[in-house]
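**Student:** If you read the protein sequences in the order shown, they are chains E and S. Going by our numbering, the first sequence opens with residue 1, and the numbers climb by one from there. Going by our numbering, the second sequence opens with residue 1, and the numbers climb by one from there.
There's no promise every hint is true.
Stated by the list, open to error - Derived DEER-like restraints, expressed as beta-carbon distance ranges:
{"no.": "1", "chain 1": "S", "residue 1": "46", "chain 2": "E", "residue 2": "61", "range": "19 to 29 angstroms"}
{"no.": "2", "chain 1": "S", "residue 1": "2", "chain 2": "E", "residue 2": "5", "range": "22 to 32 angstroms"}
{"no.": "3", "chain 1": "E", "residue 1": "44", "chain 2": "S", "residue 2": "53", "range": "25 to 35 angstroms"}
{"no.": "4", "chain 1": "S", "residue 1": "42", "chain 2": "E", "residue 2": "27", "range": "14 to 24 angstroms"}
Said to hold, decoys possible - Below, a sample of chain E positions facing chain S; criterion: calculated Cβ distance under 8 angstroms:
{"no.": "5", "residue": "39"}
{"no.": "6", "residue": "42"}
{"no.": "7", "residue": "56"}
{"no.": "8", "residue": "100"}
Read the hints as simulated data drawn from the structure, not as lab findings. In this text, all values refer to a predicted model and were calculated from it rather than measured experimentally. Even glycine gets a Cβ: it sits at the ideal position worked out from N, Cα and C.
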Amino acid sequence: NAGVMQNPRHLVRRRGQEARLRCSPMKGHSHVYWYRQLPEEGLKFMVYLQKENIIDESGMPKERFSAEFPKEGPSILRIQQVVRGDSAAYFCASSEQETQYFGPGTRLLVL
Amino acid sequence: GENVEQHPSTLSVQEGDSAVIKCTYSDSASNYFPWYKQELGKGPQLIIDIRSNVGEKKDQRIAVTLNKTAKHFSLHITETQPEDSAVYFCALNQAGTALIFGKGTTLSVSS
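Construct the complete structure from the given sequences, taking the supplied hints into account.
**Tutor:** Structure follows, in structure tokens:
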């Protein structure tokens, strides 16, 4: 049973470009969470999704950020018009009940 | 909102010694308390968790204790080994919600 998959593992973007981060949950998991980790800090919650629904987006900036978890395919975290402050590691986690299992993360670098 | 304080931020021990990391929280409604280990360049890996109806849980060299009255929970690692060196995060939530993380403890085990 494969774990949580994320791609790409590393992503370099110039300021103003778009970044798309993908997350495939563990088989049988219908809950996906996205977290952001700045260097030498803990993880901060961004958004919680179930299939085709956003359950809680209280941690996600109102502008430039969006997330989806379609009926088919991976969950996508999209960052439009990236700025240097968006450089961070982005992790997704999946769960079926309360235990959340994390993927390896996408490290975004904005030049 | 809920806040999690984690101490110490760094911990250095000799191989074979014990290591203890403590977290305190404020919201008595929190009922699930996982601990994650994060190695450099990887995603957080769940190592042990405890629920609010249990005071202590042990898995080989790792144990977690929970004091709901005092609102703190601790990770205990006995007989530390160099491969235990990593960043450890405490976290908590209420069922079905996003995890709130501590800021992490960098554990260094020297041989």
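**Student:** Please go over all the hints and tell whether each is borne out by the structure.
**Tutor:** Evaluation of the provided hints:
One distance hint, 19 to 29 angstroms for the beta-carbon pair residue 46 of chain S and residue 61 of chain E, holds here, with the actual separation near 28 angstroms. Judged by the Cβ atoms, the range 22 to 32 angstroms given for residue 2 of chain S and residue 5 of chain E holds: they are separated by roughly 30 angstroms. The hinted window of 25 to 35 angstroms between residue 44 of chain E and residue 53 of chain S holds, with their beta carbons roughly 28 angstroms apart. For the pair residue 42 of chain S and residue 27 of chain E, the supplied restraint of 14 to 24 angstroms holds, since their beta-carbon distance comes to about 21 angstroms.
Restraint check, residue 39 of chain E versus chain S: the minimum CB separation of about 11 angstroms is more than 8 angstroms; hint violated. Satisfaction of the interface hint for residue 42 of chain E is found here, the shortest Cβ-Cβ separation to chain S being roughly 4 angstroms, below the 8 angstroms cut-off. Annotation: residue 56 of chain E was flagged as interfacial toward chain S, and the flag holds, the nearest CB pair being 6 angstroms apart, inside 8 angstroms. Satisfaction of the interface hint for residue 100 of chain E is found here, the shortest Cβ-Cβ separation to chain S being roughly 6 angstroms, below the 8 angstroms cut-off.
Of the numbered hints listed earlier, the single one contradicted by the structure is hint 5.
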